[in-house]
Every structure is written in structure tokens, then in C-alpha cells.
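S.K.: Here is what each chain is made of, one letter per residue.
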Amino acid sequence: AQSVSQHNHHVILSEAASLELGCNYSYGGTVNLFWYVQYPGQHLQLLLKYFSGDPLVKGIKGFEAEFIKSKFSFNLRKPSVQWSDTAEYFCAVIPIQGGSEKLVFGKGTKLTVNP
Amino acid sequence: DGGITQSPKYLFRKEGQNVTLSCEQNLNHDAMYWYRQDPGQGLRLIYYSQIVNDFQKGDIAEGYSVSREKKESFPLTVTSAQKNPTAFYLCASKRAGTENTGELFFGEGSRLTVL
Numbered sequence: 001a002q003s004v005s006q007h008n009h010h011v012i013l014s015e016a017a018s019l020e021l022g023c024n025y026s027y028g029g030t031v032n033l034f035w036y037v038q039y040p041g042q043h044l045q046l047l048l049k050y051f052s053g054d055p056l057v058k059g060i061k062g063f064e065a066e067f068i069k070s071k072f073s074f075n076l077r078k079p080s081v082q083w084s085d086t087a088e089y090f091c092a093v094i095p096i097q098g099g100s101e102k103l104v105f106g107k108g109t110k111l112t113v114n115p
Numbered sequence: 001d002g003g004i005t006q007s008p009k010y011l012f013r014k015e016g017q018n019v020t021l022s023c024e025q026n027l028n029h030d031a032m033y034w035y036r037q038d039p040g041q042g043l044r045l046i047y048y049s050q051i052v053n054d055f056q057k058g059d060i061a062e063g064y065s066v067s068r069e070k071k072e073s074f075p076l077t078v079t080s081a082q083k084n085p086t087a088f089y090l091c092a093s094k095r096a097g098t099e100n101t102g103e104l105f106f107g108e109g110s111r112l113t114v115l
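First to last, the protein sequences are chains A and B.
Just so you know, we're using this note's numbering here: the first sequence kicks off at 1 and counts up by one.
Just so you know, we're using this note's numbering here: the second sequence kicks off at 1 and counts up by one.
These aren't lab readings, by the way, just hints derived from the structure by calculation.
A hint or two may mislead.
[Stated by the list, open to error] Per label pair, the in silico range of CB-to-CB distance:
1) E103/B / E15/A: 25 to 31 Å
2) K9/B / N8/A: 27 to 33 Å
3) I12/A / F12/B: 31 to 37 Å
4) H10/A / N26/B: 34 to 40 Å
5) E64/A / G16/B: 47 to 53 Å
6) G40/B / E20/A: 19 to 25 Å
7) A17/A / G40/B: 21 to 27 Å
8) N26/B / L56/A: 34 to 40 Å
9) G28/A / N18/B: 39 to 45 Å
10) T77/B / E64/A: 40 to 46 Å
11) K83/B / K110/A: 25 to 31 Å
12) D38/B / H7/A: 15 to 21 Å
13) G2/B / Q82/A: 25 to 31 Å
[To be verified] No more than 30 Å apart at the CA atoms, straight line, and that leaves these computed lysine-lysine pairs for DSSO-like:
14) K102/A / K70/B
15) K71/B / K102/A
16) K57/B / K102/A
17) K61/A / K9/B
18) K107/A / K83/B
19) K110/A / K71/B
20) K83/B / K9/B
21) K57/B / K107/A
22) K69/A / K110/A
23) K61/A / K71/A
24) K14/B / K57/B
25) K83/B / K49/A
26) K110/A / K57/B
27) K70/B / K110/A
28) K102/A / K9/B
29) K61/A / K78/A
30) K14/B / K83/B
For clarity, every value in this text was computed on a predicted model and none was experimentally measured.
Glycine included, every Cβ here is placed at the ideal spot set by N, Cα and C.
Use the sequences and the hints to build the structure in full.
M.R.: Right under this line is the structure:
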């Protein structure tokens, strides 16, 4: 079965610092990849997604992620974080095969941005 | 506004009691999901349903039951057989036909505490 690993449980940064959150997945076939974000007290929402094409995808609020197929990775980046980026971030994958409906999430990375 | 409504937001239960969590959506989505979120564990799939009157077990279905009598509703019952029911429960939905390219829409969650 596929699995998703997020390397950091809790990341603490100061405003304007650069961010990179790691995500690796284990699955031999082709997958679609997602990053979801959960701001304090809010719904989990989609940040960005990758299906095919340019491996560098841009999402909302200045976030981007790069898919590196050879490394089975989909790391999330932001050049300069803000206090409002404080949230929990989840990487997720779904295999492209036979209409699978099962999205598999990583354990999440909690980001705290200090003003 | 279209969205997913979960109720109650907070629920306390005594050991040995069953409890039912409500999930209603007015997005006209065919597929609905129940996830459990524990600190440091990410989201784990309990049950999902792709169509009315049909549902499938997820990765941690033991001790839970669901029904899907209406397209809009997908209630989750946490039974007394669930050994560790204290958790945050998230309901989600997705448009049919989007298969593995679709975005999940989440409710605000229900926090269940067993006393």
C-alpha cells in the first residue's frame, strides 16, 4: 500500500524566512499529489496539486511545490513566510489506477511563524 | 453558501455508549468520506461512499458504521466497540467523475471525547 512521509513534525520560523516542507511517498506507479492546509480553527483546504506537466506547481498564497519523480518527493516551498502561514500542512497522494478514490495523507507538519 | 456541515462540533460520551456524528453537504457531490485526525497521525480514512446506498471500508473501519440513504447525508456512528474513540472526525466530499483528480472539500470537524 502507498504511504506518505512528512519529515518534520513541527517547524518554527520567523517572518520572512524561507520555508521548505518535505514530503516523500512510496508507490511504484503514477500518482497525483496534493498539499492541504489547516489554519487554526478552519476547514482543511487544498493548497496546490500536481497531476502532470511542469513539475513546479504554484498554489495559493505564494506557495509552490516541486515534484521530483526520481526522488518520489513533492516538497512544499515558500520564499518568505508570514505570521498568517501558521497552520498544519498535509501532503497527500492518490494513485492513478482504476478510479481509486482513496487519498492517502501524511502525518502533517505543524508550522509556527513568529512575528 | 454551499458546503459541508458537521454536527455536533463537540461531543462528550461515556464509555460503552454509541454516538452518531452528522455530515450534510449541499454541494451535490456524489462521493463522501469520513476521516479521523489524531495529533501526529495525520488523517486516516474510516469509510467512504461513492454513491447512495453503497459504501466501503477505509483503513480503520473497525468500531465504526455508516449509512448513505441520501446523497446529501453520510452519518458516522462510533460504536462502543471502538477502543480509542477520542479524536477529531472530519467529513469530506468530492464530485463524482473526478476520480483521482478531484479536490476534497472538508467540513469543520467534530471533536469527540470519551469520558
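S.K.: Kindly indicate which numbered hints from before are broken by the structure, ordering the numbers from low to high.
M.R.: 19, 25 and 27
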